[in-house]
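Trainee: Going down the list, the protein sequences come from chains A and B. Read left to right, the first sequence gives residues 1 to 172 (our numbering). Read left to right, the second sequence gives residues 173 to 349 (our numbering).
In short, the hints are calculated from the structure, not lab data. Remember, predicted model here, so these are calculated numbers, not experimental data. Hints are supplied without guarantee of correctness; some may be wrong.
[What the hints assert, rightly or not] Only pairs whose alpha carbons sit at most 16 Å apart, straight line, appear in this in silico EDC-like list of lysine to aspartate or glutamate:
#, chain 1, residue 1, chain 2, residue 2
1, A, Lys50, A, Glu16
2, A, Lys109, B, Glu229
3, B, Lys214, A, Glu166
4, B, Lys245, A, Glu8
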Amino acid sequence: MEVQSNDERSFRLVYEEVFPILMRVVYHVTGNVDLSEEICQEAFIRFFDKQMSFPSLNDAKYWLIRVSKNLAINHVKRRSREMSMVEKLKKAPSPHANTTDGEKVLIEKETRKLVQEAIEELPEKFRMVIVLKEYSDMDYKQIAQVLNISESNVKVRVYRARKMLESILSQE
Amino acid sequence: MCVDDELLSTYLDGELDEPWKTQVSEHLQYCLACRLRLGQLKALHERLQSVALTTEEMAQSKDRVLAFFEETKFPTADQKRSFWRRKIEMKVAPAILTAAAFVIVVIGSFVFFSPNTPQGQEILPGVVAPIDSEHIRQVTDVSKPNLGMFSLEQIIQHLDSLGYSVKIEMKAVTPIE
Chain A
1 MEVQSNDERS
11 FRLVYEEVFP
21 ILMRVVYHVT
31 GNVDLSEEIC
41 QEAFIRFFDK
51 QMSFPSLNDA
61 KYWLIRVSKN
71 LAINHVKRRS
81 REMSMVEKLK
91 KAPSPHANTT
101 DGEKVLIEKE
111 TRKLVQEAIE
121 ELPEKFRMVI
131 VLKEYSDMDY
141 KQIAQVLNIS
151 ESNVKVRVYR
161 ARKMLESILS
171 QE
Chain B
173 MCVDDELLST
183 YLDGELDEPW
193 KTQVSEHLQY
203 CLACRLRLGQ
213 LKALHERLQS
223 VALTTEEMAQ
233 SKDRVLAFFE
243 ETKFPTADQK
253 RSFWRRKIEM
263 KVAPAILTAA
273 AFVIVVIGSF
283 VFFSPNTPQG
293 QEILPGVVAP
303 IDSEHIRQVT
313 DVSKPNLGMF
323 SLEQIIQHLD
333 SLGYSVKIEM
343 KAVTPIE
């Protein structure tokens, strides 16, 4: 099915399918829900305004993931230059603020914070591959297409990212 | 010999091709160390999955961004209707002009063709003029004079009376030697 990015019907189809994936991917790169929303909105605005035609929904999805991933990485780079270590420690990555069952929420919050910080510690090329593997429902071949690298490279990076995460999380 | 760690990671993702996939499965059945290692990789995967942003957590963001597009990028039903309304409004102006022209023609016909009737006087008392000999004059009387109406002599005499010296030459006539 061909997708015309500025056609309302096509747009809604793509949005329904791709928005949750984009949000998850961008959230696990930036660690902030509001910022992830802004980045996803920006990616979809570019998608709509460029009036592009894609041969399939998957091609539109790859394009959107590529754009939002670049926006997220650029933002993280900019932020890491600007943000002091104190502010970094203060930030609250969990959006669970209003849920009940305080103790459970607190544990979840802590787990999320630990995992999120571990992901953020990874070098960019490993971070992107593991985030896409774990949060985008894509296989090695699709990840390779999005990142424009070989499939075997994806396989190696996923493994190395896992080793690094194990190492970081075991120190907590 | 135990399975390579990287191979186990690929196996966990379901991305290992045959025949290695079957070989790893068979190996795992009798190798406790590899089963434990696979368990660790699986635990890490589950830990990462447990912190994934849920559908409920992103619901507000999803609605907000879509609302932004509905407000700014998609034409609404109202806007679609207003397009037709605009078309109708555009057609109203010529319709009014046509109606006005029709009214003028009707009134005009009263003025010029039945001015002396009592109805005419009633409808337009201040405008209707009676048709009689005083109001009628021949069109030829008021036609403007032009040079073709006078002879050459009359023109020369007239110019002479005004103090002009007039010299007349005939074109295409050669004087006799």
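Trainee: Which hint numbers doesn't this structure obey?
Mentor: Hint 1 contradicted; others consistent.
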